[in-house]
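In order, the protein sequence lines correspond to chains S and V. In this text, residue positions in the first sequence follow the working numbering: the first is 1, and each later residue adds one. In this text, residue positions in the second sequence follow the working numbering: the first is 1, and each later residue adds one.
Hints listed in this document are in silico derivations from the structure and should not be mistaken for laboratory results. Quick caveat: nothing in here was measured; it's all calculated off a predicted structure. Every residue, glycine too, gets a C-beta built ideally from N, C-alpha and C. Among these hints, one or two may not hold up.
[Said to hold, decoys possible] Mimicking DMTMM-like on lysine to aspartate or glutamate, the simulated pairs with C-alpha atoms at most 20 Å apart in a straight line are:
1. S:K28 with S:E67
2. S:K245 with S:E299
3. S:K361 with S:D329
4. S:K120 with S:E107
5. S:K60 with S:E264
6. S:K55 with S:D291
7. S:K120 with S:D74
8. S:K88 with S:E107
9. S:K227 with V:D138
10. S:K227 with V:D114
11. S:K151 with V:E3
12. S:K88 with S:D25
13. S:K245 with V:D114
14. S:K227 with V:E3
15. S:K28 with S:E62
16. S:K240 with V:D172
[To be verified] Here are the in silico distance ranges between beta carbons for each label pair:
17. S:D291 with V:E3: 41 to 47 Å
18. V:Y271 with S:D329: 29 to 35 Å
19. V:Q118 with S:V66: 39 to 45 Å
20. V:P117 with S:G325: 51 to 57 Å
21. S:D314 with V:G218: 41 to 47 Å
22. S:G319 with V:W58: 53 to 59 Å
23. S:D329 with V:Q118: 41 to 47 Å
24. S:N333 with V:V279: 42 to 48 Å
25. S:T272 with V:Y271: 44 to 50 Å
26. V:Y271 with S:A265: 43 to 49 Å
27. V:F129 with S:K103: 53 to 59 Å
28. V:F129 with S:P73: 29 to 35 Å
29. S:R84 with V:V261: 41 to 47 Å
30. S:G345 with V:P139: 54 to 60 Å
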Amino acid sequence: MKHLLKAAAAGLVGVVAMAGAAIADPVKIGFVYLTNPGDHGWTYAHEVGRLDVEKHFGSKVETTYVENVPEGPDSTRVIRELARQGNKMIFTTSFGYMDPTLKVAKEFPDVKFVHLTGYKRSGNMSTGNIRFYEGRYVQGVVAGMMTKSNKVGYLASFPIPEVIQGINAFALGMRSVNPDATVSVIWVNSWYDPVKESDAAKVHIAEGADILAQHTDSPAMLQTAEKAGVYGFGQSSDMKAFAPKAQLFSSVNNWSPYYIAQIEAMLDGSWTTGEGPDHWPGNTWLGLSDDYLVLTPFENMPANVAAAAKAAADKVSGGYNIFSGPFKDNAGNVILSDGESYHDGNLWNDMNYYVEGVIGKIPG
Amino acid sequence: MLEQLLLTVLMTSVPLIFAATGELVAERSGVLNLGVEGMMLMGAVGAFATAFGTGNLWLAIIVGGLAGALTGGVFALFALGFATNQVATGLALTIFGTGLSGLVGAPLVGHAIDGLPQITIPVLSNLPFVGALLFSLDPMAYLAVALLAGVAWFLKRTRGGLVLRAVGDNHDSAHALGYSVLRVRLLAVLFGGMMAGLGGAYLPLMLTPHWAEGMTAGRGWIALALVVFASWLPWRVLVGALIFGGITIMQLAGQARGWTVPSQFLSMLPYLATIAVLVVISRNREFSLANFPSCLGRVFHAGK
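Chain V with its partners taken away, still in its complex shape (with noise of 0.2 Å):
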């Protein structure tokens, strides 16, 4: 019983897990992208017609993630190429993805597919507990955890990260050093939107295994509030998705069991939890603002 709520635990953590540890990389490098759910909802309706239409599930998986990768350049392209306003241009991105996705979708609604498969890695599967939690997920799941290490990895012990870092933390600076701030961001940027992409497939490839406009319901505004929550920092991701699917849980378990404390105010605690936090972590200003990058949504004019 404490098996399966752990593992709803984890599966509805999956989706924030990718969308925040993308964008988080499209922080550190000094972009905020407000547009985490309309390219979630892309990457979710990208992967629902491949699955639906073709039938692979690991094709459905890489065209979620492209379809998130196209919407995040739609956001480069105006917030890098025309120098437009980050936070106004990302919040138009979420209404422009909502829109699209559900135009793109229309035909497929009512339709079902079959959902991802279980991995079941021999021998640790076969532990008990942990075995069933840890070893027989989805592939989504492992991918998710995989992408979140790569991203610690190459942002603290690569070149590349380095760089990337530089150029969130001064844009002026990075520029006067030969480095290409605009391409450092694009990449950046992109990256971000694949991993909303898929984020948002995961929806209904494995969640919910149908189209339904809107899906997501508001996850991606979650992620972006997770990266603050991590305060910038890969595996406080993994961490602040935990908590923040947990609570969720633990709320909807504890009115299946007939707690009398109010459902209204069950409901508000995964988002009083975060925060909570955040307001914690905001009081040791060194915790919270060490890995702050400096030049966070501000724009950047080669030559100035």
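Here chain S stands alone, though its shape is the one from the complex (with noise of 0.2 Å):
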């Protein structure tokens, strides 16, 4: 009996201590960046985010990232390592690191995952993800009006759901104000790669494109565009600072709020990994309406096509489908007749082809 009250305080002393500590000591928070903050693109966003969860949270929070990780089964090292030195939510920020992630996941079950932007999901991993061709489709509609070649070039990095999502949905803008234009999309098989990117946009340029897009991280396409005196739509953040003269926009990602909202969601414990809206499956995918997709501001366009790019972002913002009948598809098949719309997990399942105004095959 005395040994049970002497276990039961002993107990009790150990929650207070435990209690006492979870005040003191920050929750600690990992990262996993596929380049470094100084990309300017895809993982400078995540950094920006990551910044802004130290900003909120204060001294509740102690955030660590491991920058340059390459996608693949090297990640899974990483990722177990962040797991191990006791990080509570461990953000994995590429499409590459989802079966990585799902892995470690299983092995640290007390460890909340989020992984973007891919789609597999466990107990204790959720999925997170912007509607990147959100923007695209502003972007198509401003390149549809812009160009006088009626050729548009664009950068892609590696064929996956994403990629093809934002391709199709930059050629239904662009068509829908200028059914002549065409797109015809050059693979880097890249995310990062500046020269690389730099050649692709003079090739485009020597074949006639006179507006560029792209799908890959550096800014060295828009310097090229400046260069030559064509114009493009920058990646992920702001790069006017690269090209004054010749960015229309860019879609810039915002994660913060997302960032924010998943680690509310953990320290208040009601973090789960939910049944995504609609079909697709994941737990948050937002886009324009929510700040998640912001627009930089439309320059060095002339004002009846800034008013055009910002009648389509609104359009968008309300709540209109993009993926909706109808079109075709690049062979001329009917994908969707009038009347008809994707829903989520039709983007995710079904769209291995590209509409109508793009060039060519998708790879692989």
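Got two chains here, each in a separate frame; can you build the complex from them with the hints?
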């Protein structure tokens, strides 16, 4: 009996000590970055989000990040190490970390994992994403109105759903205002290789493109556009500093509200992996309407184009489904007829074609 | 259109010509320096910092070359001074250069500069086609070809070149004849570093006028392969660099035109072509190994 009391007392002390620790010690949050915050694109946008987290929570959290982590099996080691170091929530910020995150999530059931921007989940791993394609639709509208040669060049990284959605949304926007314009795609097969991105941009220009768009991470394409006197769109963050005369606008990824919401939910115990809205298997996929995607001011374009861009952006944030019929793929097959539209699941599972207006075929 | 594509080929080849020519000189003296990537990055960050800080692009070119040479000096200190294993030291130099350039360059991220101006050679640049292609390039492109020609002349026609080759082919004999093996190699390594630095400098000064960590993205390794490709002969470096650049640009243009070959395959092409040529030339030993420096990568101990 005495022993039992002693044990209970010890337990109580333990609990009190733990509660004390919870107040005193910040909660550790880990981030895994694909490149370095200096890329001025994708990873830079995540770094801005992480800094906002620190600002918002102050001493309540302590964040660490690991940069230049290659996608694939190598990242498993890094994610596991972050979990071992006592991080309570780990954000893995690239598509290719999906399977490694899933694997480590099984090994550390008490740690919460948030993976961007894939589609696999488990009991302690959720998925977050931004509707990047909404910004690309608006870019398409601007490109369609601005192009004189009716040739638009697009730099793409890897043929994953997110990139295909972007190309198709861009083409749908472009064709909605200019049915004669075409967009040709160069796959750079890298997220980040400034020289190759610049080479590909030069090739597009040599082939007659006068508007360039990119789904790669460095500002090299815009710098090339600036020098050649053509126009383009920035990626992930505002790239105006690199191309003050060439940047029409950038779609800026704003991860801050998402990160803060996820961490807040974890701290008050309400965090779940949740069933996604619609058919998309994930719990957060927001865009223009929630300021997860922010467009920089429309510049270097005539007022009527800027007005059309604003109208398109308003339409999309008002709930317009970009992937609504009628549209065809670029081989002429009808994908959706009038009145039909895609739900989120379709975007991830069924979009293995280019829409009308895109030249070529999806590789692989 | 073709003109513009060919111009892109030329420009994308320039950093490779610089770096491979420098490495060729180092290797002809018997030193294998695998740190080209690291030296290029140091040259790139040095050049960009100077251009951004002073606005003087000519000074930036010089600083780029110096930064590369200094980084090469670190290699020389260990590989020549302390006779460490050249392969390991070179790999370490790449890692060192990548890290240090990232650290030094951190405050430079997010800034842009105006790149190098074109130099239009009067009269000649008015020639149809070749005028735009060959006579209105940027100063560093001319410099690359001039240095390449200088190296070709030096190695083949001068006494210094002969000594350098002798040191690379048989360091014991060269030593016995009274030549300072280590001094020759030190100079060759420093020259190689300077050339890699210039190649790196071309990236932020001309191709993509900003600094980004790791912006060379593996071009140092391609330069190393080009030296073997060129079978240690300077002019073949030019041919190799142009072939490599040509295939790179061709595959990009093919995609833009909607060729239905998988782009992953096209991206492999430049590397496949390099390997294919290596296989072909290595079948002919006389051709491929005639100029192979026999002491390449071997540590020299004086007085042994």
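| Does S:K28 pair with S:E67 here, judged by a C-alpha cut-off of 20 Å? | Since the Cα atoms of S:K28 and S:E67 sit roughly 17 Å apart, the hinted pair holds (cutoff 20 Å).
| task | Check the following: the C-beta atoms of S:G345 and V:P139 are separated by a distance inside 54 to 60 Å. | result | The hinted range 54 to 60 Å holds for S:G345 and V:P139, with Cβ atoms some 56 Å apart.
| Are the Cα atoms of S:K245 and V:D114 separated by 20 Å or less? | holds, 13 Å
| So the hint says 43 to 49 Å: do the beta-carbon atoms of V:Y271 and S:A265 match that? | holds, 47 Å
| Are V:Q118 and S:V66 spaced within 39 to 45 Å by their CB atoms? | Cβ of V:Q118 to Cβ of S:V66: about 42 Å, so the range 39 to 45 Å holds.
| field | Hinted pair S:K120 and S:E107, Cα distance within 20 Å | value | Given that 20 Å is the threshold and the Cα spacing comes to 16 Å, the pair holds.
| Satisfaction of the hinted span 41 to 47 Å by the C-beta atoms belonging to S:D329 and V:Q118 | At roughly 43 Å between Cβ atoms, V:Q118 and S:D329 fall inside 41 to 47 Å, so the hint holds.
| said: What's the verdict on S:K227 and V:D138, does the C-alpha distance respect the 20 Å limit or exceed it? | reply: Holds. S:K227 to V:D138 sits at ~14 Å (cutoff 20 Å).
| request: Return holds or violated for the Cβ distance of V:F129 and S:K103 against the range 53 to 59 Å. | output: Given range 53 to 59 Å: holds, Cβ gap about 57 Å.
| request: Just tell me: holds or violated, for the beta carbon distance of S:T272 and V:Y271 against 44 to 50 Å? | output: holds, 47 Å
| task | Decide if the proposed pair is consistent with the structure: S:K227 and V:E3, CA atoms, cutoff 20 Å inclusive. | result | Roughly 17 Å between the alpha carbons, so the hint for S:K227 and V:E3 holds.
| query | Cβ-Cβ distance between V:P117 and S:G325: within 51 to 57 Å? | reply | holds, 52 Å
Consistency with the previously given hints fails for numbers 16 and 28, ordered from lowest to highest.
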